[in-house]
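Given the sequences, and given the hints that come with them, work out the whole structure.
Just so we're aligned, residue 1 is where the sequence shown starts under my numbering, counting upward by one.
It should be emphasised that the hints constitute simulated quantities derived from the structure, not laboratory data.
Possibly wrong hints are sitting among the right ones.
What the hints assert, rightly or not - Taking lysine-lysine and the DSSO-like style, the derived pairs with C-alpha atoms no more than 27 Å apart in a straight line are:
hint: 1; residue 1: 170; residue 2: 228
hint: 2; residue 1: 228; residue 2: 266
hint: 3; residue 1: 228; residue 2: 250
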Amino acid sequence: MNFGDRRICYNNFAGHLLNAYNPNFMRPELGGAWETADWRRWIDMLASFGFNVYEFWLEPFCFCRSTVTSERGRSFARMMNAVCDHAHTRGVKVEMLVSLATVGPDWRTLCPNRPDEWREIRWLWDSWTRALPGVDVVGIFPGDPGGCSLNGCTAETYIDRSVEISGLIKKNIPAAEIEFGTWGPPFFAWGNLQGPDGWNNEFIPGYQHTAWTFDPARAERSMRHLLKRLPDFPPETAVAINLGFNPDGKSDGPDTAIPWAREIVKTNRIFTWDFSLTEGENAILPHYRFRRLFEQRRRERDAAPYAGGICFTMTPGLNQLSLWESAQSFLQPDADPDRLAEAFYVRLFGPEGRGLVSLLPLFEVVPDWGNLTGIEYHREPFHQAMRELSGRLEALAGRENHAIPFLPDVDTYRRELLWFARWFESVSGLSPDYDSLYQAYWNRVYSVYDRLPVHVDPRPRNATTNLVQFFKERR
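As structure tokens, then:
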């Protein structure tokens, strides 16, 4: 494979990331779930952007016995097999990503060093790979959430058990490729996650940061073990490894992963799994992080080189521009992302669409995971710019190109951008009603959670609070 040959769109529609712009696959009874036609249009759009792999996370809500044996699980499998069938007609492969041992809606990690729990892990892998024979790639992921540090489990445990699971996968889906993930510092939580007294591997938000502790000796030991065990994985196994063993994939510190990437690529393909380049998992808004995206692509090309990687999205119905830019960053790593953005909007709206590009980066004024744009906030000019953006979006009504594959339709996309422009215009005004704006944002983006039990991960409420608080503190 050459640089950028594999271009993966990773859509995480997990229970802690439900929102108005995600498929709502996990809770279809609450409304907003994609129908078969939506999935087909989604795949068609990805193919037109330049992606050749669609990746989804088989989240722990599904990766448990109660779901596997339920009608919900069977319905999930039917839909994903149908997605695979349609994707194959468009030259797109489908990848299923699974945390090695994290199960159930409470995100508890089973321990591979407990024989009964290891049997359960194997049963779940066996059941799901039998249920989804159409997937082309199976990704084995350490966790986040997930990972075990009980009963002597270490990063080496994760590697060794993944070798076993990869054999099981190939038995059930002989044509499937294996992608082995190193996410974390490396191997998130395996042997380094801490918990309180009496802890039994249940997910506790307040301890998750401990899994990001970088220990040079641990990294050296575990990566050398991976190099030793790579020949034991099935042939053609790929390795997902970022430029750095940190959440942003930075390679200029002691936790650089470049030397390891260069060793691995001598025998195995490597892909980037840089999660925060396009969105991260926090504030939902129209993103514009493309300078860093293209700079990172060029670093990846020069470092190893990489055969491809992911574009992450939890908002496929809002951040189509990020998807387009990410696919193009592998195909044209030396291109100017602003010119590519202009081409994107000309395709959607004609020449008048170019006028959006100079204003869209202002949405990134809010500090967030992966947002390294450094935009400064000055209330009055920001407010006026958002008013101008609203006007430009209004003026594009009726100019939509409906002949291209796009999800949702282009007019709905324009109206979503307009809603955000108006919301940012209001929140940056002279006398904003912050409580009303909080509720308006919540109702637009996250209201699905009003009909669900409290999730183990409080991310949606925190993200909404942080977004409003940013403007409140700078009024």
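Each hint tested on the structure:
1. 170 <-> 228: Holds: residue 170 and residue 228 sit about 21 Å apart, inside 27 Å.
2. 228 <-> 266: holds (13 Å)
3. 228 <-> 250: Holds, at roughly 25 Å.
In the structure shown, no violation is registered for any of the earlier numbered hints.
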